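This is what each chain is made of:
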Amino acid sequence: MNFIKTALTGTVAAAALGSAAFAQDCPIKVGVLHSLSGTMAISETTLKDTMEMLVAKQNEAGGVLGCDLEAVVVDPASDWPLFAEKARELLTVHEVDVIFGNWTSVSRKSVLPVIEELNGLLFYPVQYEGEESSKNVFYTGAAPNQQAIPATDYFLEELGVEKFALLGTDYVYPRTTNNILESYLQDKGIAEEDIFVNYTPFGHSDWSKIVADVVALGADGKKVGVISTINGDANVGFYKELAAAGISAEDIPVVAFSVGEEELSGLDTSNLVGHLAAWNYFMSADTAENETFIADWHEFIGSEDRVTNDPMEAHYIGFNMWVNAAEAAGSTDVDAVRMAMYGQEFPNLTGGTAVMNVNHHLSKPVLIGEILEDGQFDIISQTEEVPGDAWTDYLPESAVLKSDWKDLECGMYNTETETCVQLKSNY
Amino acid sequence: MKRALIIALATLCLGTQLLAQDTADPAPDTDLGPMQQVLQENAELIVESSRRTIGPAIDAVANSELEAASFVLETWAAREMYQRTSDGLFFAAEETGDDIFTLTDFDSGDVVGESPDDDLEQIKPNSGIRGLIGTALVSFQLNDPDPEKREDAISSLERRANADLLAPLRASIEPETDPALRARKIRTERLLTIAYDPDEAARIAAIEEMSGDLGVDVRATLNPLVATTIRAYPDGVPDDVNVAYTLRPGSDELPRMDAYAMTDGPAIVSPDDIRAALQANIDGGSVGGIPVAQLSDPARREAAYAALAEAGTVPPRPTEADIDAALDATTFAAIYAEPSAAVTAAAEDALSAIDTNVGFNQMLDLGLDALSLASIYFLAAIGLAITFGVMGVINMAHGEFIMMGAYTGYVVQQVIPNHTTSIIVAIPLAFAVTFAAGVALERLVIRWLYNRPLETLLATFGISIALQQLAKNIFGTQARPLTSPDWLGGAVVLNDVVSISTVRIAIFVLALIFLGVFLFIMKRTRLGLETRAVTQNPGMAGAMGINPGRVNMLTFGLGSGIAGIAGVAIGLYAQVTSEIGQAYIVQSFMTVVVGGVGNIWGTLLGAGLIGTLHKGIEWFNPSNTLAAQTYMIIFIIIFIQFRPRGIIALKGRAAGD
Amino acid sequence: MQRSFLMKNPSIMVFLAVLALFTIVVTIGSEAFGAGFVSTSFVKTLGKTLCLALVAVAMDLVWGYAGILSLGHFAFFGLGGYMIGMWLMYERTKEIVAASMAEAPIPPTPQEIVDGIGTQIFGVVGSAEFPVIWAFADSLFLQLVLVVAVPGLLALIFGWLAFRSRVTGVYLSILTQAMTLALSLYLFQNDSGLRGNNGLSGLQNLPGLDDISQDFVSMWFFWGSALALALGYVFAAWIVSGKFGSVLRGIRDNEARVRFLGYSVEGYKLFLFTVTAMIAGVAGALYYPQAGIINPAEIAPIASIYLAVWVAIGGRGRLYGAVIGAVFVSLVSTFFTGGQAPDIDLGFYRIQWVDWWTILLGLSFVLVTLFAPQGMGGLFDLITGRRHPERHGADLGPDKGSLQEEEAER
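Residue numbers (this note's numbering), protein chains in the order written: chain A, 249 to 675; chain B, 24 to 680; chain C, 284 to 693.
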């Protein structure tokens, strides 16, 4: 037994040495960790298709480092523990060089310990609640200051909203986002009693009472606005009830953080015209890059009806940045690519350039769109590029934290005590 | 006094400077029309398009006293105003060809030419700006011959008014011919009087007139009048403020520490502050004479802080006695923002009258919501009441029959675009599809398992997950639209508190119809008689010449068919996804069990109980819908302990085992 | 005594031998202790599968032997996981917080450390306070006691209420389903004190053992799971082998008759329900540290239905059947979700297994219930030559359980 072990260790070591001598193993494997079955398949299947499209296009363009890319697709089936298991499988069995995946925050938190333990690399494409920084994760979706805060500012300044209803599905993203917003609104002088918070379960369908409650908020003469972090299907029932109650965007505007082109395709939008959504990308963005992207997408998926959305753009930017970083580093080694990622630039689909910062977040413009009759968004506000902030400035315990993986090599650096609170991320 | 003088002087200087700048500008291009000039002067603001800064631009247009003003504002609000990139001029533009726009000049109202898409920048006012424009348009539109424009004006007034508009509104009431608009104008006039009229007596009269009115707008006008802020007065409350009531520190409204923070005593030092202060004053391994290593003990920390305070390095901490003394010396009072005591008193009276009324109506609304929810549960459960309640078959795939019905509705709507026709076609079709599926399920699977009810549960569960996945494969995972026809799209509004959407009423009616159909079939038809016979004793029924197999098949098909129709109804108000059935299956089973198996009235009562309970708990805890569901299920579990056979329990032989 | 019990049940010896062999093979193949042809992620999968097999044994006891179709045993499984998860999370966070605070110029007070842990753990749900239910989270021993005590107590209360009012058959199934639904909805709330939808995560990292690779940790848990399964299996076999087991089967086949014979049917059922809940709790406590995260979705009603399905597929009323069912379904689903199964091109349509395997699974439930009521365990009867009465067709008498058509024709 002992002998076998020693012998085997020897062989493994030799093999490791051997492989290090080659510059690059071909093909380069790209892990895709998106649920293809279960509740989250609704959103995540599209991203899997996007990744396959991007990989195919990159291979047409000659691959990376002279190698073809190969997408390894696994199905974590919307089961959070399975995400951890599949991530381990991708990293140890398939030995992928990078993973693109996850949608929900729980699934990300499930994957984090595995990725950090095995020093993998994950690109996470969805808008999220922040308050996290992992050495091994690049967050290409929006942090709260790239979506929630600008949208709230828009409500306060452009629409003159004085009373807020924060409606959300009961899980971590709405909870944390609403916490941040509550604190932010109070900073801005909105009284605590002028903020109404409600959480509903996933897939909630009985909205009549909640919509009535929101209307009743207007009773003290302040302009009411709804900030919705309602997720997925539940939006359909919510907007239907809103439309049935005859609430127009002029009376009570609703800005949603989780409603994009994809979600609207399940709805008749004629009664929702004028309600808002905040994202970093809308399909209606008028640029040449976007036109090409949409054309490629339609060609790949074989249907002109399919829409594009924000997380798709996040994967588009993330993937291209990874390709460029790997070329720059001359290898797909995680640490080398990570160092090459800092300062990577790539043109946004909405115009301007996205930059990868040392806190693993992108600088991206924030767009606010009004819903149109055809289920698209009319972009009515587009900011300059906003750098994503891992730790929000509006909660006292996170305001002192910052993330800098390049120079400080710490994702949770306390600027007051000037110490690194922890190297691993909090999960 | 001196300060005021300086400010005045400064303002004057600034004013002259601005004036000087204005004159220094190049003389306006005389070729441009007067309105174009106004727009050009404000071009920067208009293009920037932000509610915070747009005010002067709107005012400039509205107060230009040009005839084109209202045309410009209307075009602007309708997002039809464009700026030509080449020369910066503004036009009303309309797309007349492929990417070709026809331009209309604001001053002349004439078509002045065409321009390609690329040369035009659309001005997109956001809804905040559109609101401001709407308010600016009010005085133009109040007496417009077009009733639609007059309606726009009133809508704008209802949303956002100011004191200046009260007079024009009053003047416009008399000439108003349309009775509906006239009523709205009068109502708005009353509300504006309450808010803006300088005459106190007129305001009180208006308040009294609106007392008891349920409208949100009335409360929205009255509530700001009675809004209070809590203030601290070290020397007693002065006479010139309108006091609502005085407060004692330590109450819920004014916690002791909050009250203390409003006084000007020394600030409270929190444990965090202590740590920070100690950290800042470490001196050679000790703070205030206490070694740093000992500072993990809170008592030692306080001692160290006290030593520092003694030495004067940090501010002292107020003692409990200090706090009490400071609080005793201060009066706390809630102060109305509105200075007139008579107005606030009238408003308080009016509001309390309204609140009673609102409370009553809220109960009514809650009752309607509960009824609506109950009817949805009933509709989802009625098919189950047949298959489970009458036949005793546990059909876990019942939810998937609901889903099949909903998808049938969606498919029909893809084929028949007219929503009304498509719903009329979809309902029988959904029945047919799910009836067929039910019969197939009964023939292929369930009839082999009549003696093994628990295994029926497993087999149908297998069918359930297979059907769900099949639906995903066919229709994709994204929710599909099932749109109700326009006549079902709105809501029946009793008043601003009580309203219910039409779809829900339709569902309620549908539930009643099914109750009738069920009773008819069971009590008045041959099939019903046979079903009841087979249910009670299949062997004996068989001996009487009834074919139990056929009866079971038809009954099961009927139950499934009704689930299909329920699916169309549910899809109209909620989302159509492959998981739609899952949301209802457990609730449906509970409805049937709570109500009492084998009795449709029991199912009705069960649905009523669950619906009411759900809404009742939600009312107690409005911010957490999830809690309502949890407590409801716990209640049901406890309820079943006491009535294990449900509300209406079958007795005697019919009860079976 | 013990020997004779084992001698009477040769299948136990066979099972234990197979389990031991399996454990040894995996150990030899593991990355930590052997050749490395079994990857660590697969070791974790296998370890988890053993835990699932254990809870399936518990389910078989309660359903296969006593006839109580509980659709809530995954609630107990999850509770066990939550209990151990609380300790794991608390201790791991405490290490991190203590280490970071030790760097501050002033040593932290005990309260500051607890507050720091609270902020870390509950930060995601926007709170920093420790709820009451975390009172024992700092003690491994107490939390281990809770692993059995909490599911046991819940089962005791629920079972007492349900059996006392003679809720049986499908009503009981629906009631247990309601229980697990209520529990999962409760835990979904962020105010429940167990981090709502986030659940407890990072459980695979054992406190104080940061330097030890998961290759080893996974093996420890694998062994632990194998041991627990062995003990649980022997315990279950012992329960059903004696007079107690006969009474249970009597209750399953005709509750009323057993009651008339003077047995306290409720007492037997309650005891079994509680004991199996405890076994489920232990299985959960071993499962979730391997899975890494537990959240309320784990105890949704569907999980418990799957549990019943495993037992049905494996063959209920025989303990090894439950194990076979759990292992088979869980490994098959790992295979298909891993994207390993090749697509089948039919020319006009391309069968992608991700889309179709659930349908296959669902249909296999139906087929097993219809055509193989004995489940996969029935295959062993073919070998041993045991035969079962064919109970198809309509009843020939007025009572349930009377001779049936096809049976009589035989």
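Calculated directly from the structure, the hints in this document are not laboratory data.
Be aware that one or more of the hints could be misleading.
[As the list claims (entries may be wrong)] Covered by chain A, per the in silico footprint, the following chain B stretches (three or more residues, Cβ under 8 Å):
| # | segment |
| --- | --- |
| 1 | 150–158 |
| 2 | 410–417 |
| 3 | 554–561 |
[Said to hold, decoys possible] The calculated lysine to any residue pairs, modelled on SDA-like cross-linking and capped at a C-alpha distance of 20 Å, are:
| # | chain 1 | residue 1 | chain 2 | residue 2 |
| --- | --- | --- | --- | --- |
| 4 | A | Lys470 | B | Pro314 |
| 5 | A | Lys383 | C | Leu299 |
| 6 | A | Lys672 | C | Ser496 |
| 7 | A | Lys470 | B | Asp296 |
| 8 | A | Lys470 | A | Lys383 |
[Claimed, not checked] Label pairs and their computed distance ranges (CB to CB):
| # | chain 1 | residue 1 | chain 2 | residue 2 | range |
| --- | --- | --- | --- | --- | --- |
| 9 | B | Gly238 | A | Phe548 | 46 to 56 Å |
| 10 | A | Glu318 | C | Phe654 | 40 to 50 Å |
| 11 | C | Arg447 | A | Asp499 | 53 to 63 Å |
| 12 | B | Ser293 | C | Arg447 | 34 to 44 Å |
| 13 | B | Gly238 | C | Trp443 | 50 to 60 Å |
Values in this document were obtained by computation on a predicted structure and should not be read as measured data.
We put the CB at the ideal spot given by N, CA and C, even for glycine.
We went through each hint and held it up to the structure:
no., hint, result
1, 150–158, "holds (count 5)"
2, 410–417, "violated (count 0)"
3, 554–561, "violated (count 0)"
4, Lys470/A x Pro314/B, "violated (56 Å)"
5, Lys383/A x Leu299/C, "violated (45 Å)"
6, Lys672/A x Ser496/C, "holds (15 Å)"
7, Lys470/A x Asp296/B, "violated (37 Å)"
8, Lys470/A x Lys383/A, "violated (45 Å)"
9, Gly238/B x Phe548/A: 46 to 56 Å, "holds (54 Å)"
10, Glu318/A x Phe654/C: 40 to 50 Å, "holds (42 Å)"
11, Arg447/C x Asp499/A: 53 to 63 Å, "holds (55 Å)"
12, Ser293/B x Arg447/C: 34 to 44 Å, "violated (53 Å)"
13, Gly238/B x Trp443/C: 50 to 60 Å, "holds (54 Å)"
Hints 2, 3, 4, 5, 7, 8 and 12 from the earlier list are contradicted by this structure; the remaining hints agree with it.
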